[in-house]
Each structure stands twice: as structure tokens, then as C-alpha cells.
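Fit chains B, C, D and E with the ligands to the supplied structure of chain A, relying on the hints for placement.
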Amino acid sequence: MKKNIVKYYPLIPVLAVYLIMFLIGFFMPGMWQMVALLAFYCALGQSWNIFMGMTGYVDFGYVTFIALGTYGMSLGITYFSQFEWLGMGIIVIGLILAMFLAALAALLEAAIALRLRGAYFAIACIGINEGLRYFIEGAKIWGGSEGLIFFGALTQSLGRETVNQLTTFWADFSVFVIAALAAFLNMHYMRSKIGYALTAVREDEDAAKVMGVNTTKYKTLAFLTSGLLGAAVGAMAWGLKLGHVYPGDVFVIHYTIECIVVVLLGGAGTLLGPVVGGLIYGLSKYWLAIIMPGFQLLIFAPIIIIIIVAFPEGVIGVLKQRVKRTALEKYIV
Amino acid sequence: MLKVENIESGYGSMQVLWGPSLEVKKGSITSLLGPNGAGKTTLLMTILGSIEPWGGKITYEDREVTHLPTHKKVDLGISLVPEGKHLFVDMSVHENLVMGAYRKEALKNIDDSLELVYSLFPVLKERDRQKAGTLSGGEQQMLTIARAIMTKPKMIMLDEPSQGLAPKLVAEVFETIQKLEAEFGLTILLVEQNVVASLNAASYVYILHEGRIKVEGNPEDIRGSADIREAYLGI
Amino acid sequence: ALAIDKVVIGHPACLSGKYAKAGEQAIGGVKACIDWVNNVYGGVLVAGKRIPLKYKYYDCESKKEGVTSLIERLITVDKVNVVFSAYSSGLTLSGAPVAERYNMVYMDHGGASDRIFQQGFQYIVQTIGPGSKYHVGTLNMFDHFDPKAKKIALAYEDSEFARMTMGGAEKHAKKLGKKIVFMRTYPKGVTDLTPLLSDMKAKKPDIVLGGGHYEDGQLFARQMSDLDINVKGLSLVASATLPAYYKALGGNIAEGVLGPSHWEYGVTFSPEGAMKVGLDWIGPGQDEFVKLFKKALGKDITPDYHAAEAGAQVLAYVKAVENMNSIDQDKVRASLGKLKFMSFYGGWDVDDKTGMQIGHSMVDMQWQKGKRVIVWPLEAATGKLIYPKPKF
Amino acid sequence: MIFELLAGNLTHGLLLGGVYGVATMGLSLIFGVINVVNVGHGQFIMVGAFVTLILFTALGLSPVIAIPVALIIGMALGFLFFYTVMRKLIKAPELASLLATFAVGILLEELAKLIFGADFRGYYWDVGKIILPFTTIPMSKLYAFIGSIAIALFLYFWFSKTRSGTAVRSVIEDSEGARVCGVNVDWIYALSFAIGIGITVMSGVLLTMFIPVGINPYMGGAYTLKAFVIAVLGGLTSPYGAFFAGLIFGLVENGAYTLFALIPGVAPFSLTVSLAFWMLFFLLLVKPTGLLGKK
Amino acid sequence: MALLRLENVTKRFGGLIAVNNLSLEIQEGEAIGIVGPNGSGKTTLFNVISGVFFPEEGRVIYEGKDITRMPSYKRAPLGLGRTFQIPRPFGSASVRENVATGAMFGTLAGKVSVDDCLEIADRYIQLVGLEEHESKEALTLTPVEKKMMEIARALAMHPKLLLMDEAMAGMHPKDIDKTVAFLKKIKEEEGISIVAMVEHIMRAVVGFAERVMVIHQGKKLVDAPTKEALEDQRVVDVYFGHAAGEGNAKG
Ligand SMILES: Nc1ncnc2c1ncn2[C@@H]1O[C@H](COP(=O)(O)OP(=O)(O)OP(=O)(O)O)[C@@H](O)[C@H]1O
Ligand SMILES: Nc1ncnc2c1ncn2[C@@H]1O[C@H](COP(=O)(O)OP(=O)(O)OP(=O)(O)O)[C@@H](O)[C@H]1O
Ligand SMILES: [Mg+2]
Ligand SMILES: [Mg+2]
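Order-wise, the sequence lines are chains A, B, C, D and E.
Counting from 1, position 192 in the first sequence corresponds to residue 192 in our numbering; the numbering is continuous, with no gaps.
Counting from 1, position 132 in the second sequence corresponds to residue 132 in our numbering; the numbering is continuous, with no gaps.
Counting from 1, position 229 in the third sequence corresponds to residue 229 in our numbering; the numbering is continuous, with no gaps.
Counting from 1, position 159 in the fourth sequence corresponds to residue 159 in our numbering; the numbering is continuous, with no gaps.
Counting from 1, position 230 in the fifth sequence corresponds to residue 230 in our numbering; the numbering is continuous, with no gaps.
Keep in mind that the hints were calculated from the coordinates and are not lab data.
Fair warning: there could be bad hints in the mix.
Unchecked claim - With a straight-line cut-off of 27 Å between C-alpha atoms, the simulated DSS-like cross-links for lysine-lysine are:
id: 1; chain 1: C; residue 1: Lys291; chain 2: C; residue 2: Lys247
id: 2; chain 1: C; residue 1: Lys295; chain 2: C; residue 2: Lys6
id: 3; chain 1: E; residue 1: Lys74; chain 2: A; residue 2: Lys217
id: 4; chain 1: D; residue 1: Lys161; chain 2: B; residue 2: Lys72
id: 5; chain 1: A; residue 1: Lys217; chain 2: D; residue 2: Lys129
id: 6; chain 1: D; residue 1: Lys129; chain 2: C; residue 2: Lys204
id: 7; chain 1: E; residue 1: Lys111; chain 2: A; residue 2: Lys7
id: 8; chain 1: D; residue 1: Lys287; chain 2: B; residue 2: Lys131
id: 9; chain 1: A; residue 1: Lys140; chain 2: C; residue 2: Lys175
id: 10; chain 1: B; residue 1: Lys131; chain 2: D; residue 2: Lys161
id: 11; chain 1: E; residue 1: Lys160; chain 2: A; residue 2: Lys217
id: 12; chain 1: D; residue 1: Lys129; chain 2: C; residue 2: Lys232
id: 13; chain 1: E; residue 1: Lys111; chain 2: A; residue 2: Lys193
id: 14; chain 1: C; residue 1: Lys384; chain 2: C; residue 2: Lys179
id: 15; chain 1: B; residue 1: Lys125; chain 2: D; residue 2: Lys161
id: 16; chain 1: D; residue 1: Lys129; chain 2: C; residue 2: Lys369
If we strip away everything but chain A, and leave its shape as in the complex, we get:
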């Protein structure tokens, strides 16, 4: 029993960081949206990392899930806010729709794209993402290029005060919860059979099969987990929080690249990595934008280059090697 808890020790630093972030945001005036931004990056990094870190498959089209999550929430609120008796229920419906759309996409993509290897997979996913975006615009579904704007609908059915609280606090708070959940699932997978199976998949898929690993099953599981978490982040941080969605604003590959950057800065396949990466990425961007608006990216880009040259395996990736065989070892994974 004790042994089992020890296994989950690496969650401690992760959750501690989230807690500290939350407390800073909650008690220090003017910090909430900033920690929310950091939590957004951490949550995305952590969610993306579940699939990439464990299977080695790089999903360049990951933003599809975030976008579909946003659409799920938007559709839910847009179409169900007319039923007043639903009250807060529309948010639940939105979340369910978000999960549903993301699961559908994940299973379809898994059935087809997961048969591809390496970069073929990565870029096939870009194709899907772009194709989907232009399809929504072209076929004029879900409001087409005009998107969905539902802040008004939300206000009407829940009242101004509640909506204020929802959009500027609870939406962000739930991102924290998703980030923590992602960390927990990641840890759980790592420590169970699933983790072993996925490592085998990552290293040699054919050999894994011969060892008895149902590679498709485990890959799909990780893909689905990662996609659903991403969709949840989208539903909250882009949907509920912003009150509108445009296809051109959400199906943007740049956000996938941001996930990759966050994860790699911290260390791919590590648990604490996406948290540290999210902090480095979010904080440096935020502060530079404040200190030298307009020139921040000129400083930011070299910083990234320096970090990656100094820590090619990410900050935590390198730290993990350092703490090997020390007391800290069981906390940092």
C-alpha cells in the first residue's frame, strides 16, 4: 500500500506549483488573469505531453481538439440557453458536447491517422485541422466564418453577476483543475501497464506487438485522453471564458507549436516538465510584453534558443539526470 503511494510522489511538486500559482492569483490583485494564462499553457502542455511523451507520436494537429472543445461549449450555450430551466446545466451540456466532439474526432483520427508513423502522422493531423477549419467555413456549419457569439445568450440565461464570475474566475479555475487532472492521469498511466505498453510502442512498435502489446488500443487510449483534456481546456479557456468563437481564431496550428514549445522547454515525457515549461514560456512572454511592448519577441526568441541549446532535453529532463540517485529522485519524473 505504502509502496503505491510512493509511486505517486512525483505529483507532489506538480500539484504544489499549481497550488502556489492559484494562491498567488487568488490573493494578489491583478494576478489572476496572469496565472490563468500560465495555467492555460501548463494544462495544454500537460495534456499534449500525455500522448506525445508516452508514445513518441507528435500530434501537430492537436489544436483541433482545443478548437472542437471550444465549439462544443459554444454550441451548447448557443442552442441550449433558450431553455431557461437548464440554468447552469447549459455549461454541463457544453462540456459534454465538447467531450463528444473531441472523442469523435479522436476516434476517427486514431482509426485512420494512427496507422501512420512519425512525421506522416504529425502532418496528416495538420491536414485534418486545416481541412476542418475550411470545411466549417465553406459548408457554413456552426455559423461558418461568422462564428458563434454567445456571451449575450449566457448573460440572458444566467444573469450578469453569475456570468461575470463564470467568465473571469470559474472558467480559469477549471483550467487549473484540468491541469491537475492531466498530471494525475499522466502519472497514473506512467505507473501502470499502460505506461509500459506505450514506452514499448514509442521505442519499437513492431517489437511491441510481438511482445503482446495491443498497440492500437494503448495508442488510442492515450490519444483520446490527451484529446479530451485539450478539449476541456478549449471549452473553458476559450469557450466559456471568451464568450465567442471564430473558426479562424481557434483552428490555429500555432497553438500546437506552443504546446510543443512548452513541453520541450520543460522536458518531453516528464511530469514536471510541462509545468516548468509553461511557467518559463508564459512568464517570459507576459513580462516581456509588459516591459518592452512591441520588442518582446526579439528578446524572447534568443531566450528560447539559449535554453534549448543549454538544456536539449528540457529543464526537467536535465534535472532528472542530475538528481538520479539522490533523495530528490522519487519526486522528479
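For chains B, C, D and E with the ligands alone, kept in the frame of chain A given last:
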């Protein structure tokens, strides 16, 4: 021809070679034996420069080449048949051989070299157009040796060339090695687990153990010493 | 009450990313008008004291995540008194919930979507005119000069703003008894408009209205010329009015192209004109604005409508504060609702309830020999429309 | 009528496709040799566009002259980037180098903004038009196409017939094997990286010959995505596969419009672009390694 | 009932027939060696048995069940374990984790916890003598160490039928003897009923196999008790050549 003195190297922070020294005489077959994990492959890779030496000195034809990059060493006529094969798996057998003749010197003699390797390994001629990756293990081994010959080397280092070959071919490989020495005057440094055949072919033998040379001498002496056989060779 | 010693405008500007161009202009416009308020006008008059305006801006990189966190910082850490929106409807919408939460007046000079104002935001106020009106004047103008030109083609970018413009144009054209022979959109960021334009060419329109952003507007005219599509009138939203447009296309292709605009260098709004229509006037004259703008950016570039909108917004805020003699958010918002005035930018009046701009009318400009000439409405015109448009 | 339109669109699509092809070859080459996914690809295209613009507007030089200039500038940038950053990341995990290219892409954008401002620029190179019965083609587009064919052939020749090209192919297959054959692998890395960047910057020139407007620091992103998709369509490590895939992409992007326009109530152009991207997906279903991709 | 039965199996690659109408029966409790010239189709045969390739013709029957087209991951839990001629470790995982993975998804799948598997792994790692390298990443092992690890990994699957593809190539003669010895021991004690061993090293074949099948050009040439098979003139011709005299049967 080749002199290695107190060479040290390893991977990351792990040292594998602890200062072995050896000499390969021109136009001879020198054999390097030793148990698994002794560092034989590491030594060959260090000689060729794939692994950067940490210390010690390598001289080739009276020239210090310790830190020369690999391609320059190949240019000087050193060739390696690597343990992991490292074939160009998506290229045809023929293209692999042509790649072997990459260095300018070799390119001039490419036709002769091709004829030579095809006569040494007729199977390769049959499979001329087949992708190297789809050859059987043994066929790939032959191709690796053939590709090394294509570089027109003065010295060939072979890392377990008979590994995975059927007995008939093992014999042929050893014959080939001896022929390369006798007929073409090549200098050969041979790493093998096939101790018997190796002792038969070589004119001088080193035994590497845990990164150090433990024994050296003529094959007859080595064969004759029951202690050595018991301790290092298992025969 | 606390003594006030400064009034701060906060702005999560777009200095990098896809709206960097508009962002730079907006900052220049804001700075120019603040300069005027502080140094010419003498400061904002509140509680009998003249108080200087300050400006605090950050760079949101044209991204929604940036907007939300920076607006909150502006409100809570920098304690600004009013927030200006970033650019585009999407970014404006992204910031609105945070501004609402802090009951902060949120002024929009870059989000033209009508729908922003149907969401029940209580603190939002618009300076830029609504998208559905962009091509209304243009159509009136063509109808005025050539009632027989009936065949209209609409080809817009597939984005909310352009679609809204297209919808407005379609409705108005039908009202004028025109025939829409072609109505299509093209996706954002497309490299080659050839298929769409070839299709349009086959329909032989008299008048072509279209566009959406800067780069596609350039591409539009350029490829029309490549394909030898010659029409009597061509008007493109957003891009055609910018100086960069003419520079990019060169004389031949830009000549005669029209564009609707909220403001152009050359419009003739003046204190006298304001008096005539019974409106208050505030702010610099046009030439003074241009001078201050160049000084603010330290570059020799001409301000375009992005700059004018942002600048006029500063003036509107100053006016509203002075009218109410307070910087209290609710009071300022109420004051803005009632405010009606004119500046170098033209008329300014918002719908009290929604905050949507209703008092500003657009002008239509045309490129004539490298100069931007205002050709519509006739009372603001600085020159005569060249019609039909010269061949490419 | 519809056939006339289709013919016209396909002609333009083919011409554009050629340019797309060249704009992707550099990406494939770099991916093939050093396994680097260059997410800053489009930004190098942007550099090429500015090179053309400056040569044309400031010095009055024809875009044709910009082609070799861009190649040289691009290769110089490539070597610089390689020796300062990429070389240190070759042994690092694959994605680390992706991160570096991401940062370099940002750096290029911001530097361009600093130097040239964020304006959308263009130039006007008037070399006449050809009038066909079904469409009109500006000569500049034709030159761009001819240029892209020439570059593709040149690259093909280099790759398959020259010594260094063969060396590059062998490094793609097995760098250790190439090393024991006497190939200076580190130099091949640097060289193919530089050539990859060189071709990419050069393709920026061709693109502006095709579309001489909308030149601005942030124009590159859209091309990165397209290049990714085209590269995979073509088989990823095969630069000439990339060229053919570019042709196909251009044809679909332009050609399918005519057909979608027959469906009422949709936005045919957006559907066309959608198809161009989904085409990749469908192709990979049939052939998981792209058109000319090897197993 | 035979544990494994191949009925007229044929596997082609393009025009090449790698395995040609081959039939084979393996009884429970047997130790069988498979030899043949390079390229004669031995590895391909293993690939067909373990499900990496499906044959064009013929059937693969395992414990009376037709598994010809069963995906490979379903075969492992039935008791088919194998090693690879060119080692295929899970590189970034430690040796211990590699071996534990075998235990997790082999015949014990679903019956043991992760911790149990790690304990099982320790046992087999010790058996093959890799305990010093236990926590190393598998990709840093030498080829021979990798092969040792693969044997441990395959054994941890607790297979009923273990297929070993040249697991001892490149191994030092002393280690070969050691390996043969523990394989024999395991075969008796652990109930791994049979081992099929592809090997060119006669020291191993002779030391271990009770019966030898010789393949030539994809066809079965000889199938007989070890000594008899290796002395068959046809085998000497195609396989040993004139090297036969040099005492191949001894090493
Ligand atoms: N890439 C590597 N990284 C880390 N350690 C390595 C690496 N390659 C080999 N080693 C270690 O170096 C030592 C010597 O290995 P080497 O391959 O030189 O032995 P060898 O004598 O060639 O053995 P064999 O006979 O098995 O081929 C071994 O302990 C091995 O674990
Ligand atoms: N994937 C493949 N595609 C095409 N040909 C193949 C493929 N795999 C194997 N072959 C061919 O099939 C034949 C049999 O190969 P196989 O690997 O089974 O031989 P083997 O008996 O294991 O030889 P060795 O003892 O050298 O390992 C060889 O001629 C080989 O070239
Ligand atoms: Mg070795
Ligand atoms: Mg084999």
C-alpha cells in the same frame, strides 16, 4: 602501419578503454580477441574517429592521426566493417557498393573494385538491384564487407565479420580475409568471436579484457597456453 | 473624494503578430491626441482642475490570451481609468468579459462587428462604424453617377467582418434595384484568387465590391489586372485606402480603385462645419493631427483610419469625463451614451443602450494619380469621381 | 463555359504548383538529412520576398537577378544558423531542433518588422501577358514557373548525379554508414541545411514573382503549413516528390473551385482549400508514406 | 496434438519465394534447432509464426487453433515468445523495464501486477547475467547484451514456445555454453515446453537441440535428430561446404 598507444575513451562519463596499446604490422592480419563488452568495438570506433579519444595516441603510417575526423582517416586508407552493419537500407546493393567507392581514390578504380567484390561474393551480383534492407542477415554481412573493400583501403578493420553467417560462409569469409592479405597486400585488424578461425588466420593476437590488453603474442603461443584459453577464450 | 492627479488610458495593443500594422497606427493616433489634450488643450478638466492624460500600453501579440491577462493588469495593477480594445472583433470580444467584470469603460476602435453590441455588455462603446454600413455609401455613389450600371459583383473575404459588409451591400444593392450577378467569398490567407476572379469575370459585372483585409485587397486588384478583368467601378474595403496599397501595386493598377473609409487624410471636418450642424468640436485639426502623429511615432508615415479612430476615441473620452465632471466608470459610461460631438474624425455618437456607433458616416476615396481623393459624399468630396475606372 | 473556366484554373494552378513545389523542397531536404522539422520554414520564404522587393524597388534589379542573390543570402543564413545553433542540437532529441527553428522563425519576423515595418508591400514588374483563349497569363507567372522547373531539375541533378548529392542521400539513409565510407558527415549536414535554406529563400523570390503583393514580416506562417502538407504528400524525405506534390496541390487548390461552385449555398473557395488539405489525409490512407515516399 | 503445426506455408516477397510450401510440426517438450544457409528463410519462417507477416498460402495451427491471420499481439498471450536476430530493445526504457514489459503482456497478462512483473524481471535478468546493467537504458548495451536482454524479456513472457533467432551470434564461446545451460534448465523447470532455435553456431545447436530441421531456399531439406541431420550429405553440401572438416560440430 597502425600504432595505438595508451588510448582512452568511452561513452558519456563512462570510461570503457583504459589505455590499451597495440600495433598492426603492414600486410599482416592482427587479431583482437576478448569477451563480450571488453571494448573491442569501442576500440575500433575510436581508431576510426567515430568516438573521440579521451587520451592516448594513434599513429598511422608514421603520422599522428589521433584527432583526425573519420572521413580523413578513410581518405588515408583505413576502412571499417562496422558491427551494426550500417548499410543504406533503402538503396540497392549496387548503390551501396558505389557509395563504398565514395573517396576520390576509390572512385577511379570503381570498376575493378566492383568486379573484385562480385567475384568474392557472387550472391551480391545476383541481388544487384535488391534493396539492402531486405537482404537476409548473412547477405547483409557480405555486403558490408564488400562495401568496405570498395573504399580501396590499405587497412581494413573488421568487427565480427562472420557473425550470423552460415558455416560455409564463415569459412569463405575467412578465406577472403586471408586472400585480401595475401593477394592484395591489405593490412587487417580482425575482431572476432570465432576464436579458432581467428587464431588460424592471424599472425599476431591481442586479448582485450575490461578495456585493457591482457595478453598478446603469436597465435601458437596463445593456443598453447592452457591458462589463457581457460581465462579468456573459453576453448 | 481622492484628489486625482492623472487620468490613464490603458491599451492592450497589437504591436506584433498579424495586426501589427493597425496596432502601430492606433498607438500613434492615441499618442497624438493625448499630446494635443495635454499640451494644447491643457489637460482634462475635472473638479475644476486640469489633469494630464497618461497612456499605458502593452503588446498582446494579436492574441486572445494576451488580451485578457493584459487588460486585467491594466485595470488592477496600473489602475487605468479606461481601456481601449485591441484590434479586430475577435480580440475586442475576448477582452470584453474582463472589462465587464471590473465595470470598466471599454472603448472599441477596432471591432466592427454589429454583434458585439448585441451581447449585453454594459461598458462597451464603439468608435469605429458598424461593418454592415461600409459599402452603403459606395453603392449610392455609383447609383448617383451611373444608374444604368446594374450588374454588381460581391467578392469578399470569408470572415465575419467582410461577410457583414457583404450582407449590408447585398441588401442595399437590392434596395437600389441592382442585380447581384456574383456573390462569393474566398478564405482568409489564400495565396491565389484566380479561380474566384475567373468565375467573376465570366459574369461580366459593371461594379465589383469586395475585399476584407490588407493583403488580400492588394492581391485582389493585382490579380484582376493579371486576368484582364476590367470593370467600371472597383471598391475594396480595408486595404485600398491605405498608402501602402498604392505603393505596393504601383500606379497602373491602383489608379481609380475606390475604398470606403472612416476617415482619410483630406476629409474636411472643421469647427465651423461642426457649428453648422450644431455639434461641439474638440481636438486638433486634421493637419495638426497628422503632425502630432508623425511626432508620436517618430516616423514619416501618414496616419490612416486606424489612427484616426483611436485618436478620436481619446477625444470622446475626454469629452465624456468633462461633461460629467467625473472619472467614475458608470458616470463616464452614461456620459458617453449621451455624447455627441465632432472632431477631425467626423461625427461621433453612440446608441446609448448598446454602445454601438451611429453618428459616424463613412467616406469613399479613390486613387487618382497617386493621391487619395475623397469622392463621396459630395459634401465632403475633395475631387470628382473618375468613372468609369481606367483600364488596368 | 465550365470547361473554359476549369482549363484556365488548372493552368494557373499548375504554374502555382511549380512554385509550391520549390517552396517545399528545402523543407524536405532538411528533414531528410538532419531530421529537423523546420517550423520556421515560411519565415525564410519571407526573407526571399523581401530580398526581391529591396532589389527591385531600391536598386531597380529584376526579380530574375534576385534568384541567385536569394540563394546566396539563404545559404549564408543557413550556414550561420547551422553553425551557431543547429549543430549543437543534432544529437539532442528530435524535437529540440524544432524548437530552435520556431525561435529563429520568430526572430526573423521581428527583425523584418524592425527593419521594414509591418506594412504590406508589393512591387510591379511588368513584363507583359500571354492571352490564351480561356485565360490570361502574366509573363511574370510564367517566368516563376520556368524558374521553379529549372531549380527542381537542378536539384534533381545535384541529388542523383553528383558526388556530394549522393553523399547527401547516403547520410539520409545511415549517417554512420556514410561516415565509414569516407563521407564528411558533419559537412554534409551543414551543406544540406544551407542548401535547404537557400532553396527556401530562393522560392520566396519565385513566390513574389507569382504574387508580388502582400509582402510583410508575418506572411510566412501560411506557407509553412502548406509546405508541411505538400512535403508529406510528396513523401517527406524526397525533394522531388515534394515538387510533384506541389504541382498536385496547386492543381487541386485552383481546379476544385470550379466544381464546388456548382453546389448551392456553400462557400466553394473555402471547400476547395479544405479539400486541398484533406487530400493529404486520403492519400496517406492509401499510401502511408506519401507519393514518392519509401518504406 | 502438436503444439505448433505449419501446413504448407508459403511466403513470397515480390517474385522471391522466401518460404516455400513448408510444413513443420513441433511437439510439446521438444527442443528443436533450425539451420540453413543465409537467406534460406529461417527468419521469415519465425515472422510467419509470430505474426509479423501473414503467409500467402498454408496454415499456422497452434494448440489446435488456426492462428494464420491472427495479429501478433494476440499470439503472445497464447504463449508465443521470440527474440529478434537484429535486437529490438525498447531503447529508452531500462533493462529492468524491458524485461518487465515481457512479463506484463505475455501469458501472464492480466494475472500479475506491475510490481510482480518487476520482480519477475529481476529473476530473469539475474539468470542471463545482466544484473549489473539492470537500470541502464537498453540502447546503451552492446549488441550481445541486447540479445541477452531479449532472451530475458522473452522468457519473462513465460512462453510455451520460445523462438530464438540467432540469439547467440557474436557471443563469446563461454557465454554460449552458459546460455545453453540455463536454457536447458529453464526448459525443464519452468515448463517452457519447447524452444526453437535458429542458429549458425553449431556449438549451441549441438549442445541444445534434440532435433534439427534444415531449410534450403525456403524448403525443408532435412528434418531429423540432431546428429543425423547435421551429418546428412545434402546438409554438408549446402550448409557446411568444405568447412565441414574443420570440426563444425564441435565449435
Ligand atoms: N552507445 C553506448 N553508450 C553507452 N555505453 C556503451 C555504448 N556502446 C557500448 N557501451 C558499453 O561499452 C562497453 C564496451 O562495449 P563494446 O561494444 O566496445 O564491447 P565489445 O568488446 O565490442 O563487445 P562485443 O563482443 O559484445 O561486441 C560495454 O560495457 C557497453 O555496455
Ligand atoms: N521484407 C522483405 N522484402 C523482400 N525480401 C525479403 C524481405 N525479408 C526477407 N527477404 C528475403 O527473403 C529471403 C529469406 O530471408 P530470411 O531473413 O528469412 O533469411 P534467413 O534464413 O533468416 O537468413 P540469415 O541466416 O542470413 O538470417 C532472403 O533472400 C531475403 O533477401
Ligand atoms: Mg563489439
Ligand atoms: Mg535470419
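Comparing the hints with the structure gives:
no.: 1; hint: Lys291(C) x Lys247(C); verdict: holds (21 Å)
no.: 2; hint: Lys295(C) x Lys6(C); verdict: holds (23 Å)
no.: 3; hint: Lys74(E) x Lys217(A); verdict: holds (12 Å)
no.: 4; hint: Lys161(D) x Lys72(B); verdict: holds (23 Å)
no.: 5; hint: Lys217(A) x Lys129(D); verdict: violated (58 Å)
no.: 6; hint: Lys129(D) x Lys204(C); verdict: holds (21 Å)
no.: 7; hint: Lys111(E) x Lys7(A); verdict: holds (21 Å)
no.: 8; hint: Lys287(D) x Lys131(B); verdict: holds (19 Å)
no.: 9; hint: Lys140(A) x Lys175(C); verdict: holds (26 Å)
no.: 10; hint: Lys131(B) x Lys161(D); verdict: holds (19 Å)
no.: 11; hint: Lys160(E) x Lys217(A); verdict: holds (25 Å)
no.: 12; hint: Lys129(D) x Lys232(C); verdict: holds (22 Å)
no.: 13; hint: Lys111(E) x Lys193(A); verdict: holds (12 Å)
no.: 14; hint: Lys384(C) x Lys179(C); verdict: holds (26 Å)
no.: 15; hint: Lys125(B) x Lys161(D); verdict: holds (23 Å)
no.: 16; hint: Lys129(D) x Lys369(C); verdict: holds (24 Å)
Going down the numbered hints, you'll see the structure goes against just number 5.
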